[in-house]
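Engineer: As a plain string of letters, each chain reads:
Protein chains: 4
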Amino acid sequence: MSKVKAITTDAPTGGAVYGDFELPDPEHYSAKLKTIYNGICGTDRGMVAGALPFAYNPEGYKRLVLGHEALAQVVEIEKNEFGIRSGDYVVPIVRRPGKCVNCRIGRMDNCTDGDKHEAGITGMHGFMREYFYDTPENLVKVQDNSILDVAVLAEPLKNVEKAFEVFNKISERSIFLNDFGTYEDKKAVIIGTGSEAFLYSFFARDYGFDTILTNRHPIPDQKTVMVDKSGVEFYDYTKDMDKILEGGIDLLIDTSGHPGTIFQFIRKLNHNGITILFGTNGKAPATDVDGADIDYLIENNITLMGSVDGAREHYFKALEHLRNWRHNYGDIMKDLITKKIPPSDVEIFSNKPGDEIKTIIDWSKA
Amino acid sequence: MSKVKAITTDAPTGGAVYGDFELPDPEHYSAKLKTIYNGICGTDRGMVAGALPFAYNPEGYKRLVLGHEALAQVVEIEKNEFGIRSGDYVVPIVRRPGKCVNCRIGRMDNCTDGDKHEAGITGMHGFMREYFYDTPENLVKVQDNSILDVAVLAEPLKNVEKAFEVFNKISERSIFLNDFGTYEDKKAVIIGTGSEAFLYSFFARDYGFDTILTNRHPIPDQKTVMVDKSGVEFYDYTKDMDKILEGGIDLLIDTSGHPGTIFQFIRKLNHNGITILFGTNGKAPATDVDGADIDYLIENNITLMGSVDGAREHYFKALEHLRNWRHNYGDIMKDLITKKIPPSDVEIFSNKPGDEIKTIIDWSKA
Amino acid sequence: MSKVKAITTDAPTGGAVYGDFELPDPEHYSAKLKTIYNGICGTDRGMVAGALPFAYNPEGYKRLVLGHEALAQVVEIEKNEFGIRSGDYVVPIVRRPGKCVNCRIGRMDNCTDGDKHEAGITGMHGFMREYFYDTPENLVKVQDNSILDVAVLAEPLKNVEKAFEVFNKISERSIFLNDFGTYEDKKAVIIGTGSEAFLYSFFARDYGFDTILTNRHPIPDQKTVMVDKSGVEFYDYTKDMDKILEGGIDLLIDTSGHPGTIFQFIRKLNHNGITILFGTNGKAPATDVDGADIDYLIENNITLMGSVDGAREHYFKALEHLRNWRHNYGDIMKDLITKKIPPSDVEIFSNKPGDEIKTIIDWSKA
Amino acid sequence: MSKVKAITTDAPTGGAVYGDFELPDPEHYSAKLKTIYNGICGTDRGMVAGALPFAYNPEGYKRLVLGHEALAQVVEIEKNEFGIRSGDYVVPIVRRPGKCVNCRIGRMDNCTDGDKHEAGITGMHGFMREYFYDTPENLVKVQDNSILDVAVLAEPLKNVEKAFEVFNKISERSIFLNDFGTYEDKKAVIIGTGSEAFLYSFFARDYGFDTILTNRHPIPDQKTVMVDKSGVEFYDYTKDMDKILEGGIDLLIDTSGHPGTIFQFIRKLNHNGITILFGTNGKAPATDVDGADIDYLIENNITLMGSVDGAREHYFKALEHLRNWRHNYGDIMKDLITKKIPPSDVEIFSNKPGDEIKTIIDWSKA
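Chains as they are written, first to last, in numbering that gives the first Met the number 0: chain A, 0 to 365; chain B, 0 to 365; chain C, 0 to 365; chain D, 0 to 365.
Note that these hints are calculated values from the structure, not bench results.
The reader is advised that the hints may include incorrect statements.
Lysine-lysine pairs mimicking DSBU-like chemistry, simulated, CA-CA at most 30 Å apart [said to hold, decoys possible]:
# : chain 1 : residue 1 : chain 2 : residue 2
1 : C       : 140       : B       : 333
2 : C       : 168       : D       : 333
3 : D       : 78        : C       : 98
4 : C       : 33        : B       : 228
5 : C       : 267       : C       : 238
Reference listing, derived: stretches of chain B covered by chain A, where coverage requires no fewer than 3 residues with Cβ under 8 Å from a Cβ of chain A [unchecked claim]:
#  : stretch
6  : 205-217
7  : 231-240
8  : 260-274
9  : 292-300
10 : 311-324
Please read all numbers here as calculations on a predicted model, not as lab measurements.
A virtual CB, placed ideally from N, CA and C, is assigned to each residue, including glycine.
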């Protein structure tokens, strides 16, 4: 047994403690990794608040190491598989396979029977600790060290990559593109202005969509700058709904998890419109969905798709996008990370900074 | 101008009148057709009741000939295109193209801009008349005259064909099949017990699904026989919900248009589950959809797909299915047609027979 | 050990012997099956002739039981899985999975590493024996006993089902359909007039293709009748090439395995044309393929697809097609089976009857 | 009529003349463009040599302005469509639509009936002239002026984008990926070492393939540097075939058009392997393809796909890739352009420089 500095919780009861945590030494290991950064997201905060009943401690443990978003450095590695060597920076994969048909082919994100595990969430210790052990197929190498400052965003971004993979498939149910075979003049509206909303907006813009971010309040200057520089638009939907809806919506992406808001926009989808449901907020209040709403979905051939997680392939694509956006958008990408804190600041889980886009735990500050 | 016996309405105000209706003689025509049967569906009744605000009369007309479900016989044809000859029985296509990208390739069912027309519904006279004129690309030949008694079902069935085309595409977003690459032990639940619910159930059974029809009340003996003979199951969900939900639901198909019922079942979908929204009931009361519902769709990678209409290809497949089912299920198929009435019985639009599965207008009784 | 009547060979050396063959009694078995019919195909003949170097005896055996096409009856079954009960007629699946990603999801037909087995061909005893043991996931039930006379064709037909599955996928690389979204006026040409050529022709016709069978000689009257009744056309390409090529070819299907013939037709494919390579003839002489041929494939966006075997899902679809065609085409289907012989007639492997479409071993004649 | 400096040929006879060419002034135009660069490719040289019989002069003209690869600057534009403004740099699209189903949806690259036109090749004046007129839907804007030095490569690269679009579709015929759902450890071999071979290799590497370029001779130092920096490998197949073939080939891409070479590699494809046929060389000598070759394609589920041209969407993606590669690979991208010449150097069409990767006509040198 060894003591390792870690942030732990008691799942699903909640709480967050930073300190020495005792873990068994592995008899054998493929790779030893030193944690550089962890990202903090709504799931972490939900667990600490005791609001996620599906979370659970690993078998035989009374506490769970938190953390599923991470950048780590390889300290030792047994052999050179997947091109990973000692000293390389890597992003570890969150989900680990069960035995269903989807898990069997490396698509744990589509697990059929729910029998997978998620690091830092469901029955497997997470990455908010000084170091951890893992196997190469669960590590994705950062190819370009000039993006180390944003590489920790690969974990949330991989969800966006997977969602667009599903969008690509679903949009083939009819001709979704314009008369010239492109996304130009097609409109994407993204509900929310958090880190994932921004990542979705960069993605939609790259596709060629006229891309609009929206929220129920104005955004701070810092975000206005990001919006402007990245070529998307922002509108407060409580004031400028008409500008958002002009020409209808072809692709709606929700990061709020708020049913009332979602259906308000669904009712404005164009023919063959698609909605990506992504944001979760289990406590969001109910909204009315009536016969006319169902009718609208049918008469307009509309699709609503829930999408969760992403697979190894999506981590690769996420790192590639981060690399490209880092070059194309420059500081905007860095500005997504609004704060770097030491691991001891566990109050961050309960007190979300007002101007937060993404807060990062910096283990060099441990 | 010629007088033709027809059933007309004033769209969208409503009403239904049978009698002589004056229509201009075409200067030139490709094919002249004699109507044999018309099917009556909820849309026809909705129009007569004045409940469908999107319906409208053809330009320059004060009334609209009703009818989009039809079997007709070719009386005259200019030239042999698409293998259609004089004397052949045909099913006419309902939607006619606008100029959008989907209409341009024969997929008016996916019309992008809403600029298509629908016979008997939106701006184009329908088929509830003694005879009409049309062009070969809008006529689909019945290959096997031994199914003339059920061929009028091709129009509603073509919607099912299109819905399953979309299902095929969407189900590729992950591995939807079982460990052996088939639909065996996957479960399809169909809400409703009308003609389209039965057509959906035959389809799902052919795929290999364990197929359950359900409604909020028991079904008459006649339908019980049909259910038994076709190898599907029926459960009254007010009593036997546990039997329906055992093992969860992989494919949910709604023909009721009732949001409360739909979401009750959506909450029991398995991972990667798909819902086909098909039935419309614009006046159905609202149900509550809350944050936990949205969460469920996301965490389980669930897709909801509205689907309307079908294209020429789907009429072909519908006629092929009718032919096969006519042979395999025998009288069950005929029993879907519960009544044949003369065109003068216009009260049928306001008074739906209690035991109706599908009522047919028989023009030999005119 | 038990003695069982069987037809064996020594793979890959060749030969065919009918007589008692000693096989170990299984300690435990899921299902015991009595063989009703075996189909004989070119692979069987190739093995007996010692012409297939990839064939091999099962580990620990000096001989291999031949036979991969079969209809069998369940004599005993442990439990009711996949709806199979004692007394049911079933078709056993040929390929058995290895451990690759495709085998893992029940798609041994797409085996990635070649580590599968094939009954009666590669390392696994086949079905040309009185009885055998198997597991339910390898048995596909015949739903309709009125097709027992043709059900043994499910094995070759399942290959056609798989080939069209691949065609469906590949044809999405562009819009393959006509202006009305159907296959009407698109032309399919099938090289060959054996049993699989006929099965392909029924398939292409059902899709709506103008379907032509062709060979380098006239066909006997019996086949002419079949061609006429099934709505396809036959042309001897040594005489009527111009009729075959009129309007070009959209889908070319080869069952000959003869490169010279194949490329003669490939050079006449329309834009976006697809070729299904299916027939194998390892000893067929070489043909010249030059720069202009490669150029033609490129400039016209042409695809050539090899396709082998089929999966459990394709056996289901094959049985469904046989059922439908049995009803629609009647005796044509039966006429595909030109001869039923006792298992002792092993000379059939070396002497193919001149008028053979498909020869069947009938175990009731043992 | 106005005189414009241009390079013209007499199609399909050949020759190349630089000088004043008389063209009518348009009565109305949407956009006037000044040519910056033209790329020279094998098609241009083929036309000048009189080797491309499908080339023809525009109706009413005795000569054809050459050139389909171009970067141009907008001098005047009627209105701001597709985000294009005066002063913007754009790449003009080569193919212009006919009336087939594919052209109707902006996919002239998949033209069904051959009734499209190609600038500088078939019946439409090309871009090797001082200035030209065009419409916005045929112009693709360069978003990032820092890539103006390589943006002219968008035209050849768009072909690669389209080829991979088709590959994506075709590779879904089975599971093409490894056990972890990625392209890692899958091998791509590209035949050829010209500009398009390099573009293909960057593409394959981005997918995650182990990527090998190969040719029948060593490559100059300059190319060795490019190969090393871009993370691909080069082998001379006359010497190191064993290194190329180790582990087999999953994706084969040919840019040589040489049948003998192509089939030599096809015979080493893995199960489910795919070949992209891209390079054309109409005069390449024939090779023998025999029964065993056809057999191999079938038994291994192999696909050969010809692919030509690309659509508006592919120009967008090409410019995006150029932008990303320009940042990631730096000078390698610039080094693809080996020479910039004045338009008067028409002998370049007949004398290909020995070290040429891509030669560019620079109109600032006119």
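Engineer: Given the proposed pairing of residue 140 of chain C with residue 333 of chain B, does the C-alpha separation stay at or below 30 Å?
Structural biologist: Roughly 27 Å between the alpha carbons, so the hint for residue 140 of chain C and residue 333 of chain B holds.
Engineer: Is the Cα-Cα distance between residue 33 of chain C and residue 228 of chain B 30 Å or less?
Structural biologist: Cα-Cα ~29 Å, so holds.
Engineer: Is residue 168 of chain C within 30 Å of residue 333 of chain D, Cα to Cα?
Structural biologist: Violated, at about 38 Å.
Engineer: When I compare C-beta atoms, does the stretch 292-300 of chain B have three or more residues closer than 8 Å to chain A?
Structural biologist: holds (count 9)
Engineer: How about the stretch 260-274 of chain B: do at least three of its residues have a C-beta closer than 8 Å to a C-beta of chain A?
Structural biologist: holds (count 5)
Engineer: Examine the stretch 311-324 of chain B for residues whose CB is less than 8 Å from any CB of chain A, and state whether their number is three or more.
Structural biologist: violated (count 0)
Engineer: Can you confirm whether chain A covers the stretch 205-217 of chain B, using C-beta to C-beta distances below 8 Å and requiring at least three such residues?
Structural biologist: Since 0 is below three, the answer is violated.
Engineer: Run the distance test for residue 78 of chain D versus residue 98 of chain C: straight-line Cα separation, threshold 30 Å.
Structural biologist: Violated. Residue 78 of chain D to residue 98 of chain C sits at ~60 Å, over the 30 Å cutoff.
Engineer: Has the stretch 231-240 of chain B got at least three residues whose CB is nearer than 8 Å to a CB belonging to chain A?
Structural biologist: This one is violated; 0 residues, fewer than the three required, reach chain A with a Cβ under 8 Å.
Engineer: Could you grab the alpha-carbon distance between residue 267 of chain C and residue 238 of chain C and see if it respects the 30 Å cut-off?
Structural biologist: With Cα atoms ~17 Å apart, residue 267 of chain C and residue 238 of chain C stay inside 30 Å; holds.
Checked against the numbered hints above, the structure violates hints 2, 3, 6, 7, 10; every other hint is satisfied.
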